[in-house]
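Enquirer: Letter by letter, the chains look like this.
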Amino acid sequence: MKKKKFIIAGGILLGAFVFLGVYIAQNPDVFFQKEYTVSQLNGLVAAQDGTSLRVMGKLASFARDAGNSLLVRFVLTENEQNLSVVYKGALPDLFVVGNDVGVVGKFDSTGIFQAKTIITKCPSKYEPAKQ
Amino acid sequence: MAVIGFATLFLALFVSAFSVLVSFSRLFSGSRDRMITPVTTVAVACGLVSLSVLVLLIALLSHDFGIEYVWSNSSTDMSVPYLVSALWAGNEGSLLFWAWILSIMALVFVLQKKNRQNPLLPYATPVLMVTVTFFLLLLVSVANPFTGFEPPFPGGAGINPLLENPGMVFHPPLLLAGYAGFTVPFALAIAALITRKLDESWLPLARRWALFAWLLLGLGNLLGAWWAYVELGWGGYWAWDPVENSSLMPWLLATAFLHSMLMQKRRSSFKHWNIVLIILTFNLTIFGTFLTRTDLLNTVHGFGDTGMGPFFITFLLGTVLIPLGLLSSRWKLLKDKADIESLVSRESTFLLNNVLFTVITLVILLGTMFPAILELISGERIGVNEAFFNTVNGPLLLGVVLLAGLCTVIGWRQTTTKEAGKRFLLPLVLTVILGGVLYIAGVTNWAALLGYMVSAFALFAIISQWLSEVGAGGRKLAEYPSAFWRLLTANRTRYGAYIVHFSVVMMTVGIIGSSLFDVSTDVTLAKGESTEFEGYEFTYDQIGHTEDGDRLSINATVNVTKAGQPLGTLVPSKFIDESFNTKMGKTQFITEVAIRTTFAEDLYLVLSNWDIDAGTADFQVKVNPLVVWIWIGSGFFLLGGLIAFWPARELPPPAPAQATAGKKQPAKQVAVPPTRPTAAQPARRVSPSASRKKKARRGKR
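Chains as they are written, first to last, in this note's numbering: chain E, 1 to 131; chain V, 1 to 701.
Source of the hints: derived by calculation from the structure; they are not laboratory data.
Everything numeric in this text was worked out from a predicted model, so none of it was measured.
The reader is advised that the hints may include incorrect statements.
[To be verified] Pairwise CB distance ranges, derived in the manner of DEER restraints:
(1) V:GLY66 <-> E:GLY98: 53 to 61 Å
(2) E:ASP108 <-> V:LEU449: 31 to 39 Å
(3) E:GLU80 <-> V:PHE153: 25 to 33 Å
(4) V:PRO566 <-> E:ASP65: 32 to 40 Å
(5) E:ASN68 <-> V:GLY442: 32 to 40 Å
By construction, the Cβ of each residue, glycine as well, lies at the ideal position given by its N, Cα and C atoms.
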């Protein structure tokens, strides 16, 4: 009897976890993205099928749209390859030319990367320096 | 200068390694009753490490740029508080700081009078000294803070002005001290395993140090969250970044330990849990540091860049495998005396609590490590979003809060349904009423409604428990405050825990509100133009600049009204630090957000861009509901933690006030079982044997 109750309680917990797992597995785009560097990406056609991606590179240049200053166009570069990105919204402080910048988003039909999120790194000096 | 610093470090390494060697030789020669580690070696090692910290501090304050660390982490432009905080601003310095705090803790540990008779002390001390030795080894080899070099340009590189915030002064040392602090309970656990004294005897001292470290680490994390919120310009306080995760994971396991150990103290159960939890807590502090200080998470191929990797891996293997060996040979000795008797009992809720905290930690570990593991296996990388951590940990957090409420009302051992029902009834009814009110008021998001109701239940449960304890023995309302104070001072552990639970409920409410209902928009406004958002009306008034030395600040003035009522002027701004930008060859602006805080919501205004010619400015407007409750909760967290940690008066026993508090409610003591196991532990006021008897009696009831 006692054991039965514990098994039921454990079962409910386990069930909740399975439910959560299934939910995550069914909406992978919300939780995970495949991550590429700019140069890895350019060799891949499969990556441009409209799924959400994460791309890492160095910020080479950026400019605000003349008509709408909230719209930013920028170029990420890595290993002598470039990626054109469009983003709308406020930019983080570390969005500075020469810094490592990551973007999460997807390609539009014209082959331009539409970024939804910009990722910059914490400026602390605990991590090893790049060589 | 650098030579002196390095020489003292080297000597310190020699002394602490000598201390370890002496300990081992004595251990193996079987001299069991003597102090194994010579106290002098601990003291000398601590003195030497302190000296090298002093040397580095002087080098920082006197701008000795011939030292690479000083040049990289400070500059002639920095004020004294930031020059001091440069001590922990970089990799080498922070490891030195860690070693320093740890050596001080080791010294305090061996010198404390009440520890002298502790049979675990001789075995715990060498464990501490091994850890000190490990850090010193790192410092003299791959992470030497005193490496000399030829500065590329004068004046020092300095830290990013983005980091110049009081957060930089307090957040890193709190975390580092917290990490270091977990070494002591770990050492005690190892000592208990070696000596086979696996009863409750290792717990009181381990609890004290674990609580201390837990409090420091918790505060450090909360301060970091606040710093990210007010300074970094993104309006978020937690981003599930690997660095954040690695400071949260040991804290979570330590939380589980602090709860779980109560079961062992009172019931001699959960012995396996406790010893494993504290060992893993310590391992995670080292593992987290390893993760974030090597390039492992960015790319597996960059592994071992700093040369620290092999050191950390060796130390980690040692601190995992040796305890594992000890555990397996003593597993049977750790057998619990009593099995869990009933599903609805204190034991089962504590077990569930352990499970929840462990699962949360595992989820975070998995989410953090997943990209690196996958890359290792398949060569592909994936990024894990904040959504993953939030979605999985959200329900688990609610589970923890629900447990805090349930534990407050569930008694020890078997609770009859009737008994439990009685105590559940009031909080439950109030919660349902509140849920109804919230629903009618427009909270129709089921996740939020559930979250609020769970929080409310925990809150009502804690308050009703308080009231019933304070009001016991038919006290009048006017006597409540003094009775509350007496109870609090007499049962610090229990009331400290109540207050911490109370603070967690507040923070949970803040987290739910700000993560489910935050809204944000970006607007471009011309001078004099207005816009409306979430009931607020914003009018962009003007833009100006102020200068302070090398810093040029651009300030926008925005007038805010709500329903026609003026709420005042907000001045979001951005500044540039000319000297930093020149040095780095970059143009970096630093955002200073303007925040208007109320108990209901924060209005968070960012100046994102401006165009002087066109006369326009871009703003990001965020409305973050209930955020302030996270910071208020943090205050209560500190208060509760301090109350629980505050040393109880030693013998002779109770002051008159405490005695009367006890006398006034004898009926209460029998009728309602103490909700915190430690309530049965006025052990520090009574003699140890008496408390044990009392415990035994309670256990039989």
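Enquirer: Given a hint of 25 to 33 Å, does the C-beta separation of GLU80 of chain E and PHE153 of chain V actually sit inside it?
Expert: 29 Å, holds
Enquirer: Given a hint of 31 to 39 Å, does the C-beta separation of ASP108 of chain E and LEU449 of chain V actually sit inside it?
Expert: 38 Å, holds
Enquirer: Verify the CB-CB distance for PRO566 of chain V and ASP65 of chain E against the hinted window 32 to 40 Å.
Expert: Once the Cβ atoms are compared, 34 Å apart, the range 32 to 40 Å for ASP65 of chain E and PRO566 of chain V holds.
Enquirer: Do GLY66 of chain V and GLY98 of chain E keep their Cβ atoms within the hinted range of 53 to 61 Å?
Expert: 27 Å, violated
Enquirer: Do ASN68 of chain E and GLY442 of chain V keep their Cβ atoms within the hinted range of 32 to 40 Å?
Expert: 34 Å, holds
Hint compliance for this structure: hint 1 alone is broken.
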